[in-house]
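Asks: As they're listed, the protein sequences go chains A and B.
When we follow the working numbering, the leftmost residue of the first sequence carries the number 252, and every step to the right adds one.
When we follow the working numbering, the leftmost residue of the second sequence carries the number 252, and every step to the right adds one.
Some hints could be false.
One copy or two, either will do: identical chains are not told apart, so a pair holds if it fits within one copy or between any two.
Only pairs whose alpha carbons sit at most 25 Å apart, straight line, appear in this in silico BS3-like list of lysine-lysine [said to hold, decoys possible]:
1. Lys475 x Lys501
2. Lys564 x Lys501
3. Lys534 x Lys501
4. Lys475 x Lys534
5. Lys581 x Lys793
6. Lys616 x Lys584
7. Lys686 x Lys783
8. Lys531 x Lys475
9. Lys582 x Lys317
10. Lys724 x Lys581
Everything labelled a hint here was simulated from the structure, so no lab data went into it.
2 protein chains.
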Amino acid sequence: MQNKKTSKRKEKKELVADWSSLIRVFIRPENEASKNILVKYMRPILFGLHDFLNQHVGVTRKVSLKDMSTCFTNSIINEQPEKNLDSLITDLIENIAPHAVNIASPYFVGHMTSAIPFFMVHLKTIVTALNQNVVKLETSKIVSVLERQVLAKMHRLLYRQEDSFYDENIQNPNTTLGCFVEDGTLANLTALWAARDNLFAPREGFEGVEREGILAAYNAYGIKRCVVLVSRLGHLSIRKAGGLLGLGNKNIIPVDVDNNNRIKLDSLNNIIKDIKENEKNTKILAIVGIAGTTETGTVDPLEELGNICAENKIHYHIDAAWGGPTIMSKKYKGLLKGLKLADSITIDGHKQLYMPMTCGMVYFKDSRYMDAVAYHSTYINRPGSVDLGIKSIAGSREANSIILDSALKIMGTQGYALLIEHGIETAAEFAQEIKNRPDFQLITEPQLNIITYRICPLRIQQKLAEAIPEQRKAINQRLNEITRIIQILQREAGKSFVSRTTLISENNLQEEIVVFRCVIMNPLTDITILGKVLDEQKKIYKMILPEDRL
Amino acid sequence: MQNKKTSKRKEKKELVADWSSLIRVFIRPENEASKNILVKYMRPILFGLHDFLNQHVGVTRKVSLKDMSTCFTNSIINEQPEKNLDSLITDLIENIAPHAVNIASPYFVGHMTSAIPFFMVHLKTIVTALNQNVVKLETSKIVSVLERQVLAKMHRLLYRQEDSFYDENIQNPNTTLGCFVEDGTLANLTALWAARDNLFAPREGFEGVEREGILAAYNAYGIKRCVVLVSRLGHLSIRKAGGLLGLGNKNIIPVDVDNNNRIKLDSLNNIIKDIKENEKNTKILAIVGIAGTTETGTVDPLEELGNICAENKIHYHIDAAWGGPTIMSKKYKGLLKGLKLADSITIDGHKQLYMPMTCGMVYFKDSRYMDAVAYHSTYINRPGSVDLGIKSIAGSREANSIILDSALKIMGTQGYALLIEHGIETAAEFAQEIKNRPDFQLITEPQLNIITYRICPLRIQQKLAEAIPEQRKAINQRLNEITRIIQILQREAGKSFVSRTTLISENNLQEEIVVFRCVIMNPLTDITILGKVLDEQKKIYKMILPEDRL
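Could you put the whole structure together from the sequences, leaning on the hints where they help?
Replies: This is the structure:
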């Protein structure tokens with residue numbers, strides 16, 4: 252932990268903020284010796300952090316969160332400098348990195364955050380060294396042009412429109428194929444924002460919802476409610492968007508899923524029919540399809556959803572934050588059939604494009620769709636300008652397009668395909684392994700590379716099958732408790748990490764089932780490692796229930 | 252520009268995406284030779300980009316945007332890798348960097364994007380190498396704790412609450428002192444989101460606006476309109492927030508400013524009075540004070556605004572994205588008097604905290620204020636957890652808190668104070684210089700470090716003073732045209748850069764006045780450099796109007 256006293260004593264006398272030393276940090280050195288020092292600092296950054304993290308997954312030193320937080324209770328900023336860069340890097344490596352999470356470990360299979368190729372660190376450093384601000388051409392110039400290009404590349408990957416479409420749009424400042432946003436949440440928000448503003452467009456006596464607000468919009472269109480339909484495995488950001496946009500998050504209607512965690516089309520159709528017939532005052536803003544649910548990695552029937560949206564003239568958004576890059580695998584892109592029917596698509600660069608935190612994107616089929624959300628000002632983003640900030644929620648933005656464009660050049664679609672295929676195929680192997688082990692129960696068959704399961708000995712599985720609802724409920728509650736404890740103990744032991752979530756059983760009891768959730772995206776994660784993860788879970792299970800008295 | 256053909260030919264044969272080479276980019280090398288290569292790549296990144304940029308401000312090679320964009324019209328992603336890291340870095344340095352904008356030049360004084368200390372590049376690289384995701388503790392651990400600490404440090408700087416307040420809140424998972432967001436726009440949006448949800452909180456028969464939406468909220472509270480009051484120099488993000496949140500951006504009411512570009516308190520009071528007396532159906536959601544307007548760097552009378560908000564029980568938001576760090580200067584912090592009265596404050600790290608793109612923040616006086624916008628899910632951000640993602644618009648987020656915390660340690664408040672003071676004092680000097688030059692007219696006296704002026708020879712200034720409105724208007728239109736042309740020509744020449752904006756004259760004609768806008772934040776920008784900027788503008792002026800026939 253931070254050893255504040257000694258380091259402070261040592262440095263305090265030397266470090267004083269004065270103009271001449273301040274100026275020096277703004278001038279990049281011209282002489283070789285100083286340059287060498289700055290390059291040298293990159294060595295511990297590239298490898299020092301990693302060496303520490305390499306040894307463990309979670310917490311390398313057994314310091315509890317509570318103990319850790321007691322070292323971070325000083326709220327005063329020093330008047331004079333506390334550290335120079337050298338000692339600061341050392342401090343971060345020795346005192347912070349060991350308590351960070353080694354998300355790069357192949358044993359870290361709990362979340363959608365994983366190892367990234369080492370060149371990504373170089374690419375991000377380039378972005379920072381250039382420090383362009385993409386909000387406007389005057390602070391980004393060529394990067395704005397490059398961003399438009401890579402957005403078109405991704406658009407083409409997703410939508411596969413004609414050459415002429417891209418020729419017309421790729422560098423056309425009046426159209427927008429998509430935009431970079433902070434993350435998937437902002438991407439979903441942007442898509443629904445644009446959908447809302449297109450639905451409640453200006454009409455006679457009404458200047459549009461963006462200008463006049465929800466109340467005026469509902470009045471102008473003669474409605475009282477506006478809903479979004481999404482499978483109940485939809486990401487929480489859809490609800491959040493409903494709240495933010497003034498629709499009310501209770502109007503994000505969760506639709507039932509089938510045994511494979513895919514949205515139930517008949518339920519969806521019934522809801523649409525019901526609204527059309529019985530709720531004249533309700534408009535359906537959008538239907539959201541999911542290409543890779545957060546909890547189970549499932550892909551909704553995208554094509555069927557697209558047809559339903561087309562029939563009913565409803566905006567079709569696909570949240571492909573997780574599964575989108577599957578399109579690069581010739582072997583598995585069929586799983587995303589229907590993707591190109593979407594009016595808007597969410598993609599996350601920091602997920603299966605293996606980019607550093609944080610890089611979300613949203614794409615629109617219609618290159619004029621974002622016109623509805625354009626904003627101008629007098630000092631930048633003037634009408635007619637090439638400024639990319641005109642149509643985006645954020646203002647200032649770093650040039651993540653450079654990272655994406657470079658990564659696509661270094662990897663090729665084939666490089667990404669290999670990673671995607673590894674994840675899907677390892678997940679399938681892992682599912683088989685779980686089925687082979689009598690103490691474990693597979694809860695969701697993986698479609699992409701996310702898998703859920705729990706410890707539930709065969710004996711208990713049989714008991715569950717025969718139990719009356721009351722007994723069933725009791726057993727599941729007990730199992731839930733055990734899964735929760737095992738997940739926490741495994742995490743705290745720091746050798747491997749799986750996450751947990753709560754699913755709803757598909758039988759008519761609609762029970763809550765707590766499960767282990769395993770996300771396989773690290774190319775170094777293989778079935779041997781996953782076997783060890785299971786071994787450890789079983790060991791913990793035996794430890795907390797030595798007599799197996801479930 | 253990109254020399255695609257030759258480089259492709261050279262590399263295409265060698266580069267094939269295969270599993271073994273793919274795996275290698277995920278494993279950080281263990282042997283010294285490979286490590287050295289990865290460190291070596293940092294040299295061109297740290298200095299190569301800079302050397303190119305060093306020579307010019309804007310476009311170093313005279314390639315027009317249109318010509319440039321013709322090189323970026325290929326929308327196809329290669330199946331096989333196009334480049335390796337080495338050739339990619341070379342390509343970026345030789346073909347991209349020269350066409351980027353040298354925002355780090357002391358002659359680049361046009362926008363709020365400027366030079367950053369070189370150590371910021373190292374700090375960002377650390378954040379990327381760790382690649383923690385701050386949305387949840389399980390992917391960030393110690394960083395969540397560190398983030399809480401630095402948020403408290405900044406909160407204390409802004410609000411100066413008692414020790415006990417910080418002791419109670421700094422590591423209390425149930426409270427929120429602020430949060431990191433993408434930029435100032437997201438910060439303003441977050442503040443108004445929280446304000447909206449606190450204003451339309453749940454009450455008997457109503458579950459709150461977040462849950463039920465704007466229409467239900469207005470019905471529950473018996474209103475038809477909800478407005479935000481802000482000076483007409485307010486940032487466009489306030490309007491955008493009004494649009495996004497469903498209030499309608501026309502309900503962001505611009506309030507007149509005085510001769511010094513500060514919000515007119517009597518106008519504000521009149522609006523409030525008028526709404527209270529005549530618009531029973533309208534609620535005032537918030538008053539926004541500005542600490543450093545984007546166009547003129549002016550600070551509103553923050554204390555008086557605070558008193559008005561307190562009297563009328565209105566949420567008081569201060570947009571201190573630009574001017575906030577002035578609080579670190581003992582000499583000038585008086586300019587922000589009243590800052591601590593704000594219910595919420597926007598700060599931008601990538602502005603006067605000299606952090607890399609992009610890092611916004613929002614702070615709340617009341618540590619329970621953000622409870623109104625909490626979101627939970629079953630796999631992360633469970634109720635009661637320490638996860639920072641519970642109360643924020645974004646989900647996944649990079650750990651910019653590490654950069655801010657480190658920068659504060661390296662700089663001390665005194666280091667920042669020196670930078671701030673340099674900007675303010677150089678702006679004052681520059682204003683004097685403009686006044687001394689008979690061809691120039693100072694439009695706004697700088698209060699912080701932003702200044703606006705135009706070319707308007709003394710002769711014309713006198714003519715304007717005596718002119719009847721019709722003539723005045725004609726002269727100003729001509730001057731506007733000239734300012735526009737000079738700004739563009741100076742930008743294209745690439746030696747220096749000032750921006751331009753359009754202000755409204757304070758006389759009763761309310762004319763549009765196009766001005767040069769100069770933002771002085773680079774510590775290497777001094778009065779000599781600024782003098783040269785004026786020289787160049789005059790030279791361009793003489794060139795386009797050789798006979799001075801204005």
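Asks: Can you give me the call for Lys616 and Lys584, within, between, both or neither, at a CA distance of at most 25 Å?
Replies: within (19 Å within a copy, 50 Å between copies)
Asks: With identical chains treated as interchangeable, where does the CA-CA distance between Lys564 and Lys501 reach 25 Å or less: within a copy, between copies, both, or neither?
Replies: Within one copy, since 22 Å is at most 25 Å while 29 Å is not.
Asks: First find the shortest C-alpha distance between Lys531 and Lys475 inside one copy, then the shortest across copies, and answer within, between, both or neither for a cut-off of 25 Å.
Replies: both (9 Å within a copy, 22 Å between copies)
Asks: When no copy is specified for Lys724 and Lys581, does a C-alpha distance of 25 Å or less occur within a copy, between copies, both, or neither?
Replies: neither (44 Å within a copy, 65 Å between copies)
Asks: Is it within, between, both or neither when you check Lys475 against Lys534 at 25 Å Cα-Cα?
Replies: both (8 Å within a copy, 21 Å between copies)
Asks: I want to check one pair: Lys475 and Lys501. Are their C-alpha atoms no more than 25 Å apart within a copy, between two copies, both, or neither?
Replies: This pair counts as both: shortest intra-copy Cα distance 14 Å, inter-copy 21 Å.
Asks: At 25 Å max between alpha carbons, let me know whether Lys581 reaches Lys793 within a copy, between copies, both or neither.
Replies: neither (43 Å within a copy, 63 Å between copies)
Asks: Taking 25 Å as the upper bound on the Cα-Cα distance, should Lys534 and Lys501 be classified as within, between, both, or neither?
Replies: This pair counts as both: shortest intra-copy Cα distance 14 Å, inter-copy 24 Å.
Asks: With identical chains treated as interchangeable, where does the CA-CA distance between Lys582 and Lys317 reach 25 Å or less: within a copy, between copies, both, or neither?
Replies: neither (47 Å within a copy, 39 Å between copies)
Asks: Checking an output row: Lys686 and Lys783, CA cutoff 25 Å. Within, between, both or neither?
Replies: within (15 Å within a copy, 76 Å between copies)
In summary, the numbered hints that this structure violates are 5, 9 and 10.
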